[in-house]
Amino acid sequence: MTILDIAGLDVRIAGSHILQGVTFGVAPQGVTALLGRNGVGKTTTLKAVLGLLPRGADLAGEVRFGGRRVTRQQTFKLVRDGLGYVPEDRGVFGGLTVAENLRLAERPGAAPDYERVYGLFPELQRRGRQRAGTLSGGQQQMLAIGRVLLNPNRLLLIDEPTKGLAPKVVGEVAAALHAVAQVVPMLLVEQNLAVVRRLAQDAVVIAAGKVAYTGPAPDLLDYTEKTKSLLGVGKADHA
Amino acid sequence: MSTIVLLTLTGLGLAALYFLVASGLALVFGLADVLNFAHGLFLSVGAYATWWAAGHLPGAGPSGWGFALAVLFGVVCGTAVAALVELVLIRPLYRRTIEQVLVTVGLSLAGVALLQASWGSDPRPYPRPQWTQELTTIAGARVPNDRFLLIGAAIAVLLGLLAFLKYTRIGLVIRAGVEDRSMVTALGIDVRRAFTLVFAIGGAAAALAGALGGVFTGAISPTGGSSLLIFGFIVVVIGGMGSVTGAAYAAVAVGLLQQFVNYTSPGLGDICVVALLAVVLLVRPQGITGKVATS
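Protein chains in written order, with this note's numbering: chain A, 1 to 239; chain B, 240 to 534.
Bear in mind the hints are in silico, worked out from the structure with no lab data behind them.
It is possible that some hints are incorrect.
A short list of chain B residues far from chain A (calculated; beta carbon distances all over 12 Å) [unchecked claim]:
#  : residue
1  : G305
2  : L323
3  : V344
4  : S360
5  : T371
6  : A395
7  : T424
8  : L436
9  : Y488
10 : L495
11 : G506
12 : P524
Examples of chain B residues toward chain A, derived with CB under 8 Å [to be verified]:
#  : residue
13 : A415
14 : E418
15 : D419
16 : M422
17 : L426
18 : G427
19 : D429
Here are some chain B residues pointing at chain A (derived, C-beta under 7 Å) [claimed, not checked]:
#  : residue
20 : G410
21 : L411
22 : S421
23 : I428
24 : R432
25 : V531
The C-beta atom is built at its ideal place from N, Cα and C for all residues, glycine as well.
Chain A with its partners taken away, still in its complex shape:
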């Protein structure tokens, strides 16, 4: 039983064959970590699912969300259908206030759950009138996560939420994601293996355009040699 199924996903962008038949499923609860070395195509996988690939990209394969085929569906429809996205660069609108960023994410026909967002990130309520561009990196990340939590999503795609954050802030973001993961399943791209260890139950590793590992995350991280060869890092740090 899976919430998201990716089958034979094949993506070429500007002549380079980035994904070569990527196939995996995402469990309908908890966190599935999407891992791999830099530039291996993790972000491309998320963008291909969402229909956000750059113009001229070649896409083949099939994506199913909740059992329904959604390949090449328009992004906004897919998102309204319950797929929340937090991009790698956080995608907050710097010229808009924090409150406006949240208001923008409200969806017609669904009551926005501000209680959940402000309960998890009280900072966002206090800074409602502040321009999002003047927030710190960690606060921007919380805003980006808060935006997808306003709506009742069926799955969240979260791309490198701890990238570029100070260690203390990484802990805060990870704690927030942990709380979120109790409620809604998540496909998480993350380079920080300590965070992966803390959050993820399942792991998918992409190497050379293909899926090189799927299985329980702890098994992967505890097997040092495998982690090293697939991810290009040493033994996973403990959180």
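Could you slot chain B onto chain A? The hints should help.
Only chain B this time, still in chain A's reference frame:
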């Protein structure tokens, strides 16, 4: 002193025209990434529709409320043409920049040709309501009232646009879309629905510029839209490629510079405007405000 006041107010009148043209261009470019060379056509449609209405539309006329009705008719025509252009010609070509440029350039040429075929290429005398030709004395300068008409219209459009962008949901979507369009769609919003509206708003402002610009110059010709459009583009670039407020600042700078320099040495003003554009691009390539719709 009186010369300076007259030059300033005339320059601001010109700035008002530039702003009316540039505000729509800026929003269209900022949100939809469309370089709309057909924007001058919306201006010409506004000018010719107003001119036609003043002579033919029942209730409309060359002066007083009749003229106001004629202007309203011109603005409605410009808005409709702009919305139609977006729906029929631009919408199928989103993300295909070269094709868009070709279509809009072609459309502007075809529009000029159509106007020439219908009403000839010679300038047509334009109705100038009595009030706009009267003089108001300010600090010793006798200033024709049409300057105030233009300045007032531009300020009204500026404030209206800012309020629309700030206080409405669709305004919020437009501001966000100017910053990062694909992220707006990734929040579940069909951003393209805002494109038609932005085109219509831009068409309305340009048509208003055409309708009131005729009063300012006293005559309209088929190529009038394209020549104003050049300065509209310059104002958009100086202002920040997507910023309404930036376009307002830039329009004032360009209008005043052009007017003052042309007074001391006729013809040099246009060159100075291009020089100003070059300086801005070298020193501050993101424009006065950068790509933020309302700041």
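Are V531 of chain B and chain A close enough, Cβ to Cβ, to be under 7 Å, as the hint says?
-> With a closest approach of 4 Å, the V531 of chain B hint holds.
Once the closest CB in chain A is found, is it more than 12 Å from S360 of chain B?
-> Nearest chain A Cβ is 41 Å from S360 of chain B, so the label holds.
Please verify that hint: L426 of chain B, Cβ, nearest Cβ of chain A, below 8 Å or not.
-> Constraint on L426 of chain B satisfied, holds at 5 Å.
Run the C-beta distances from L436 of chain B to all of chain A and say if the shortest one exceeds 12 Å.
-> Holds, since 16 Å exceeds 12 Å.
Holds or violated: G410 of chain B as interface residue toward chain A, Cβ cutoff 7 Å?
-> violated (10 Å)
Hint validity - R432 of chain B Cβ closer than 7 Å to any chain A Cβ = violated (10 Å)
Minimum Cβ distance from G427 of chain B to chain A below 8 Å?
-> Holds, about 4 Å.
Per-residue hint verdict: A415 of chain B, partner chain A, C-beta under 8 Å = Holds - the Cβ of A415 of chain B comes within 8 Å of chain A, reaching about 5 Å at its closest.
Is the interface hint for E418 of chain B satisfied, with its Cβ closer than 8 Å to some Cβ of chain A?
-> Since the shortest Cβ distance to chain A is 5 Å, the answer is holds.
Exclusion check [L495 of chain B not at the chain A interface, CB over 12 Å] | Given that every Cβ of chain A is farther than 12 Å from that of L495 of chain B, nearest at about 28 Å, it holds.
Chain A versus P524 of chain B - minimum CB to CB distance exceeding 12 Å, so not interface = Holds: least Cβ distance 18 Å, greater than 12 Å.
Should the label of Y488 of chain B as a non-interface residue stand, given a Cβ cut-off of 12 Å to chain A?
-> holds (17 Å)
Hints 7, 20 and 24 from the earlier list are contradicted by this structure; the remaining hints agree with it.
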